[in-house]
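Number of protein chains: 4
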Amino acid sequence: MVIVLKPEATEQNVDHLIDRLRSLGMVTQITKGKERTIVAVLGDDRVLQGQPLSVFPGVESVTPILAPWKLVSREFQKHDSVIDVAGVKVGGSRIVIMAGPCAVEKLEITVGIAQEVARAGATILRGGAYKPRTSPYSFQGLGQEGLEFLAEARRQTGLPVVSEILDARDLGHFLEKADVIQVGARNMQNFELLKEVGAYDKPVLLKRGLSATIKELLLSAEYIMSRGNRNVMLCERGIRTFEPQYRNTLDLSAVPTLKEMTHLPVIVDPSHATGNWKLVAPMAKAAIAAGADGLLIEVHSNPECALCDGEESLKPSRFTELMNDLQKVAQAVGREL
Amino acid sequence: MVIVLKPEATEQNVDHLIDRLRSLGMVTQITKGKERTIVAVLGDDRVLQGQPLSVFPGVESVTPILAPWKLVSREFQKHDSVIDVAGVKVGGSRIVIMAGPCAVEKLEITVGIAQEVARAGATILRGGAYKPRTSPYSFQGLGQEGLEFLAEARRQTGLPVVSEILDARDLGHFLEKADVIQVGARNMQNFELLKEVGAYDKPVLLKRGLSATIKELLLSAEYIMSRGNRNVMLCERGIRTFEPQYRNTLDLSAVPTLKEMTHLPVIVDPSHATGNWKLVAPMAKAAIAAGADGLLIEVHSNPECALCDGEESLKPSRFTELMNDLQKVAQAVGREL
Amino acid sequence: MVIVLKPEATEQNVDHLIDRLRSLGMVTQITKGKERTIVAVLGDDRVLQGQPLSVFPGVESVTPILAPWKLVSREFQKHDSVIDVAGVKVGGSRIVIMAGPCAVEKLEITVGIAQEVARAGATILRGGAYKPRTSPYSFQGLGQEGLEFLAEARRQTGLPVVSEILDARDLGHFLEKADVIQVGARNMQNFELLKEVGAYDKPVLLKRGLSATIKELLLSAEYIMSRGNRNVMLCERGIRTFEPQYRNTLDLSAVPTLKEMTHLPVIVDPSHATGNWKLVAPMAKAAIAAGADGLLIEVHSNPECALCDGEESLKPSRFTELMNDLQKVAQAVGREL
Amino acid sequence: MVIVLKPEATEQNVDHLIDRLRSLGMVTQITKGKERTIVAVLGDDRVLQGQPLSVFPGVESVTPILAPWKLVSREFQKHDSVIDVAGVKVGGSRIVIMAGPCAVEKLEITVGIAQEVARAGATILRGGAYKPRTSPYSFQGLGQEGLEFLAEARRQTGLPVVSEILDARDLGHFLEKADVIQVGARNMQNFELLKEVGAYDKPVLLKRGLSATIKELLLSAEYIMSRGNRNVMLCERGIRTFEPQYRNTLDLSAVPTLKEMTHLPVIVDPSHATGNWKLVAPMAKAAIAAGADGLLIEVHSNPECALCDGEESLKPSRFTELMNDLQKVAQAVGREL
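Here the protein sequences come in this chain order: A, B, C and D.
For the first sequence, full-length UniProt numbering assigns the number 1 to the initial residue and increments by one for each residue that follows.
For the second sequence, full-length UniProt numbering assigns the number 1 to the initial residue and increments by one for each residue that follows.
For the third sequence, full-length UniProt numbering assigns the number 1 to the initial residue and increments by one for each residue that follows.
For the fourth sequence, full-length UniProt numbering assigns the number 1 to the initial residue and increments by one for each residue that follows.
It should be emphasised that the hints constitute simulated quantities derived from the structure, not laboratory data.
Possibly wrong hints are sitting among the right ones.
Pairs count within a copy or across copies, as identical chains cannot be separated in the list.
As the list claims (entries may be wrong) - Taking lysine to aspartate or glutamate and the DMTMM-like style, the derived pairs with C-alpha atoms no more than 20 angstroms apart in a straight line are:
| no. | residue 1 | residue 2 |
| --- | --- | --- |
| 1 | K195 | D170 |
| 2 | K328 | E75 |
| 3 | K6 | D44 |
| 4 | K6 | E75 |
| 5 | K78 | E260 |
| 6 | K315 | E145 |
| 7 | K195 | D167 |
| 8 | K6 | E260 |
| 9 | K70 | E35 |
| 10 | K278 | E8 |
Since we're looking at a predicted model, the values are computed, not measured.
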């Protein structure tokens, strides 16, 4: 940590600050420049997180030096983490496509879509049983029954299943029925939930909150890993900006940035990010070109009648076409589907 | 709802759309202009929420006419709601100051701060027992013991208590110990939690998510009210913008806007919004001038050693001074503390 | 335009509004629903731009139906515009790479970089003679001399030149020396400048302002085209968001969105968007995968000593490598460099 | 400046960096911690602005210590600047209200509004002669004739005049006819214009760009002051955020923040910020409570027919009422109108 003092800081101010730092176990080194005095705090400055050093008299600014996380960091683990999802490897050279309906509706529709996406080459089935909906008057998901339908679709297609958890009390069902537990954007900082999914080794797909910084996303992953669960996948799904033309702004710069900062796999969800099926194909290709390890794509056999997010769902025929196109882009960047 | 058709929409497209709208129980009226055809959908268009009408062939745009909420609306209830918090009225002509430490730490500190803020004129005690912290390595709050300390401070000062809930499983403790249940910014769209606090009549302080729109805040309040709980207070606490100079950007335009759209009381939290004690006083005054019904202000007897958010906490002496200043501003806008 | 009236709107309110609309030459049709009355305004509602209809008594909301532009629209011209830049076609199947230094420094450096990027396959040379710098104490560019150096580099390499104009009074020099006039992000709404570059047929590269919406970008292009200049290229170069990890957030969803809304070519500048040379390669690939018609890339022979934006400049060797990679991605999406 | 090295930085990397810093005239001091090595660069690090030190091998991060400006800083001048606008003092204890129409339309309307706002207590007349309009099809202002009308209104009312300049070529007219030259939000980083208005001592009202940080605003003011003009007033007029409910989000935290960082007066424009006349009164009061030195308020005798921004204009009667209310708020915070 580097603390810069105000020009008018007194000797007393400096002593008071140094005393406090020492009482917290820190070693300090003072550099007096012509314009400012700098206090370098040596050692692991993570223990200073949350210390309100900026309110000490005479302090102008406080800059941490070390990242506030450990386990998620490339510094901690150099090689890429590869997560095993019921046999499907996420984070290796092969790009993983997770596809399926936004919300699980009926058994036969769910199984039908699962068969279609499997045929097209998807290797994981996505589907929402519990749905976080902005309005209390929108369809709220089938709940536990939806998880059953997904499990049945898995039995018939062999595709492992990813589904979103909304409430820690449902964790038992997810541990039993799902292969990947999705923690959605709205729950990225539901720290109790993070701690609980961190207590198992079931893979977790952690979505970036819609106004979460890269650092906050990594700290949320750190919550999960610090409880023991190393099977964490990160997911960029669009951030909130001033631009009203699409639902959110897909932040693809996050992909190479995360790949440099962390060893965890990075997935992209172009469907939720854009909220518009016409943008899914170009942004899916762009995500792979940017280095994503996988994609989440919404597919529905009848988008006009989908109970949730029909606007962004691809019909199976378009999805099949897209898979062909993605294969080409993957090869262009030295990977494959 | 108003649906605008593309210039190239065919008769078939129009018929297909009208059929769908009729099957959903809607009456439609078609207006053919020179440049575009407009379909006006009559009746309560709230039932169309979530219908992906924009993916129908030939549709250019879909604009709802009615707000997606009912119970929170001024249209539904013209007069201001006044919430009774253990005898303290929130939403009337008197402005309510809720003050106290960010996090509850020790019993004697908590009681001491409570006494100081009561003496200065605060009428509700705030304090965090469960703390949502960005990093897993930060102080996470005392939990249930913190609620006990707050209850003891209430016994000694008579101040009702507001505290934040993080997990629906703690609801029992909150119903017993707290006078107002705070749903924090990170949980504004934790819909399961909203539904559960909606099942009681205990007052709820619902904070705006840091990237939530006014509309989303109102829909989250609607979640609570639609379950029966009418005692909802809204709280503006800063939104996330590009400006790095303060923690968040306090959006005071939300105050008069909410007062026009809803009958619910509107509280402002200048401490969390700015993250800087120097900005608390000017922004507290500004909030009252803008029409806020109350303020949440962090006060700590020793900010340098606070375990959470010491940067933004006022010392009791400064808080007392601020209360005097706020009284003057309140009177200038025809209210009082 | 669709105008929705408040439930409490009186007959008088309606008559007053209709009178005003008629006096502006509009034909109206009124639809009375159970909840609201809707006034559909027929005809070209562009003439109503700027009319403050929302302040009329009884008006709840005003929604335009037609886009506020004409000439830039796909509705106006279905086929892609292809701009001829001294023989290089921009907007056709071939993707155009514009590369070179951020700022023009010395003649021999400029010519040297031009030769390197030409060798690697770039077809247009970029370089800043006039530099918009946030601080008055930063290098402000060589000005007119810089344009001379670029012209000399063009003579030696055959590459047409794109350079940014800051002041309409320099237009004569640009018309003479540059092949494309760049209007930078900070000048996207310098309407006087737009009008003046609109008076010639010299190609213009119009960069999106860092907080400009897609609609505002199109309206700025409309300014240029409405003065007669049809040779406009749009450029996405990152928008300002809350994320501090990169200089700006590259908004690649803008690429397919613009391609659908307008016939103009769309260029992407990954260098300025990210401000970090490590992100340039992945984002350049992603831009092409998303459908961009060209790229602007900063290349400098010695980034450590560049007078401007060395952080984001690629060395020539890395640029050559990137060109090979881009060729593969271009082919994967059915195009070529 | 503080430079932190990566854990894997070699001796060679350090030497290379130190050599470069020395060649730029800097003195350095190296502190080796257990986790990182820190290089403190002593002396005025403003000369390092624009040096791409972060691309040097082995460098992890670069943090400047000194603010990049001088003349605008409180460190440079402790006391508040008070600007004399034809006898009206801006920046002293008296709060200055600048009111008038968004756009100058006709002579008699302009004079009429000027008389009304003068009667209500405004001390400066605002009015736009040259109008920056998002669409080329909107009313673009009267230009030079508009300046004449304003000058005539000044003759009849004695109110000094503030008006916005769009093009440096009009500077002569402004020097002659206006008392304050407004540099609008869109031109906050039109550096050529800043330099030119900096060459005179005519007061300048510099508006914050709609996505400009506080630091960028101060740097733009530094541009003007570094050319010799000390008569600069800053203006907060709303920033662009994700919230669609108002035109922009008025950032009142900027007021006390700027007052701490700079000695220059701070004005607030609630009319443009909100774009909605109903929000003008509460936000005007809030601005004064937050410590603003003045307000810019749009007033129009017939908002329904205003050629520009009628939505946000107050009628003279409402403005008169507001002036009474503002007087009370000003007194509550120890000032007066």
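For each hint, the structure was consulted:
1. K195 x D170: This pair counts as both: shortest intra-copy Cα distance 14 angstroms, inter-copy 16 angstroms.
2. K328 x E75: neither (33 angstroms within a copy, 32 angstroms between copies)
3. K6 x D44: So K6 and D44 pass the 20 angstroms test across copies only (15 angstroms; inside, 24 angstroms).
4. K6 x E75: Only across copies: K6 and E75 sit 10 angstroms apart there, 33 angstroms inside one copy, limit 20 angstroms.
5. K78 x E260: within (10 angstroms within a copy, 42 angstroms between copies)
6. K315 x E145: Neither, since 24 angstroms and 53 angstroms both go past 20 angstroms.
7. K195 x D167: both (12 angstroms within a copy, 12 angstroms between copies)
8. K6 x E260: between (35 angstroms within a copy, 14 angstroms between copies)
9. K70 x E35: between (35 angstroms within a copy, 13 angstroms between copies)
10. K278 x E8: between (59 angstroms within a copy, 18 angstroms between copies)
The structure fails to meet hints 2, 6 from the earlier list, while all remaining hints are met.
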